[in-house]
Amino acid sequence: MKYKISELATLLNVTTNTIRRYEKMGYITSKRSENSNYRYYNEDDLSTFMNVRLLRKYGFTHIEIANMKNSDMAGLISEYEKRMKEFDEQISYLTNLRHRLKDDLVLMKKADEIKQLCYIRDCNALSYVLYQSGDKILTEPQRITAIQDYLYSSPEVVRMYLIRQEDVEKDRIVLNAGWAIKTAHLDRYQIKENEYTERYEQRKSLISVAKFPVNKERNVKDDLLKEPTKYMKDHNLKMNGDIIGIVIANVIEDNQEMQYVLVGIPITEV
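Numbering follows the working numbering, in which position 259 of the sequence shown is assigned residue number 253; successive positions increment by one, without gaps.
No wet-lab data here; the hints were simulated from the structure.
Given the structure is predicted, the values throughout are model-derived calculations rather than measurements.
Please note that a few of the clues may not be correct.
Below are the DSSO-like pairs computed for lysine-lysine, each with C-alpha atoms no more than 27 Å apart in a straight line [as the list claims (entries may be wrong)]: (1) Lys104 - Lys79; (2) Lys103 - Lys130; (3) Lys220 - Lys198; (4) Lys186 - Lys103; (5) Lys220 - Lys104; (6) Lys186 - Lys130; (7) Lys103 - Lys164.
With beta-carbon atoms standing in for the labels, derived distance ranges [said to hold, decoys possible]: (8) Met67 - Gln196: 51 to 57 Å; (9) Asn188 - Tyr52: 49 to 55 Å; (10) Glu75 - Val208: 33 to 39 Å; (11) Glu189 - Gly128: 18 to 24 Å; (12) Glu189 - Ser65: 46 to 52 Å; (13) Glu80 - Lys176: 22 to 28 Å; (14) Asp106 - Asp38: 56 to 62 Å; (15) Arg92 - Ile131: 28 to 34 Å; (16) Gln250 - Gln184: 39 to 45 Å; (17) Glu1 - Glu107: 55 to 61 Å; (18) Lys224 - Arg193: 26 to 32 Å; (19) Met252 - Arg115: 21 to 27 Å; (20) Ser27 - Tyr52: 31 to 37 Å.
Glycine included, C-beta positions come from ideal geometry on N, C-alpha and C.
All chains should be modelled from the sequences, with the hints used to inform the complete structure.
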C-alpha cells in the first residue's frame, strides 16, 4: 500500500510538517512516483512512525532511538530495562510526593476546621537543619550542603521553626527556621546528616494550630505560644524540650498574608 504525505498525515493525526521532520531525521523514507511528482510512503513507514512515537512516549530521546535502530535484541532489552528502572524511580518519587501532598491537605483541613485549640499526641521524629537564627542567616558551607540535600533529595521536606527551651526559660525567645524530614526517610532518600543537622525525637507533645501575619514583626509569645501556654497552666503541664513548628500553608485573609503553623511543645506533668 502506498500513501501520499497528506494521507499518511491524516492516518496518523499529525501535520505534513511532522512527517517531513521525521523523514529528515531518517526514520522514514519517501519514494517519488515514476508517473508523477508525488512522494509516497509504504506500510513500513507507517509502522516505523508509530513505533518512534511510542518510544518517545516511553521517554527515549531521538538520539537514543537512533542508536536503538542499530541495536541487536540484547541491546534493546538493556535499553528497555534501563528505562523501566527510571520509571520505577519516578513512580516511587511521585508516590512519596503524593504522601506529602496528602499530609499537607490533612493539616490544612485541620487548621481550617479545628474546634479544639490544643490536644496531646506524640510528635513525629524529625531530622532537621537550620538556615536562620533570629535575624541571622546561617551560611556555613557544610550547613548549605545539608540544606540542599534536604531540599532537593526529599519530596517530603517541610519548613519548620524551632524555639530552644533554654531561650524560653530565659525569656528571650529566638525564632529559628529550617528544613525538616522524618528521620525514617533519611535512608529512603540517601540523605547524609552532618555536624549542622539535628534530631528531634518522638515525644509526648501539646499540639496546637497557630497563625500570624507574614512580612510583619512577629510576637512569638502571642502568635504561637499564647493558647498552648494557657492550656499547660490549666492542666498542670510544663515544657519538656524544644518547641517545634511545622509550616502548614500561607493564605490571604482580609487582604493580609497569613501563615498557619502546627506547633508542638514537648510536655510533662508538673
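Worksheet entry | Indices of hints not satisfied (ascending) | 1, 2, 4, 7, 9 and 10
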